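> For the sequence shown, numbering that gives the first Met the number 0 assigns the number 0 to the initial residue and increments by one for each residue that follows.
No wet-lab data here; the hints were simulated from the structure.
Please read these numbers as outputs of a predicted model, since none were measured by experiment.
Do not take every clue at face value.
In the DSSO-like style, the derived pairs of lysine-lysine whose C-alpha atoms are separated by at most 27 Å in a straight line are [stated by the list, open to error]:
1) 58 with 223
2) 174 with 94
3) 223 with 13
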Amino acid sequence: MTIGEAVAGEGGQKEHRQAYLLRYIERNHYISIDEITRLFSVTTQTARRDIMALEQIGKVRRLHGGAAIATPVDPVTYRQRRVDNAPEKERIGTKVADIVPDGAAVFLDSGTTCEAIARALVRRRDLRVVTYSLRVATIFSENSNFVLAIPGGFVRPVDGGVFREDTAEYIRKFKFDYAIVSVSGIDDDGDICDDDHGEVSAVSAALEQSDRTLLAVDSSKFGKRALVRLGSLRDVDILVTDSIPDGPLGNMIRQSSIEIHV
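Take these sequences, add in the hints, and give me the full structure.
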């Protein structure tokens, strides 16, 4: 049964359609007008009105040709991410720990995939780590003797991210052998995107200071678009994932100069 059929089964009411639409955007981070018309069997005018209605209550943000989620990830969604694809994230973490040598200087991003990577990296020796994730920092501080640096600032309750106005400048004080990042989505154009502008600013600073960029994502992130562009697959040196997607995006990855670990 399609989404449109399910909504029709509930009477096709506007409220039901918009509720389905919001859940879709929360899961996929972005939806185009064309996707709305196809999924819900409505006109483009109706699709635009639905987006405007959700924007007025602060749930989504209108973008050119579609809409994206308006706010950072909520606690319920973040807890669900800990469950979603957990085995794949643990295997990704193990592979990253195989790649990073003892004694390396590392920037490690925030998020559930990076927490899995942190748990795997504790078997390495003498790492020097910078992160803005309190959860990642806690894993290292309780299970290793690594040199560990985090910026000061306000803690985001959802995921333990630490931010202040000059977080990016703090990160630029360091030099890294590896910047290990994970993102909310990699769209079909090969753009790497995330949900939070402050987070993208911090990670961008780390990429500028790193010899090699390691992107660690499970396959559910391919083909998804998030709110803020971080960069392109062309900026990535190493990709660690559980599966390469089919279609043009997969071909783009295979034909690139990226070192791929599946």
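> Starting from the hint list further up, note which numbers the structure goes against and sort them upward.
none
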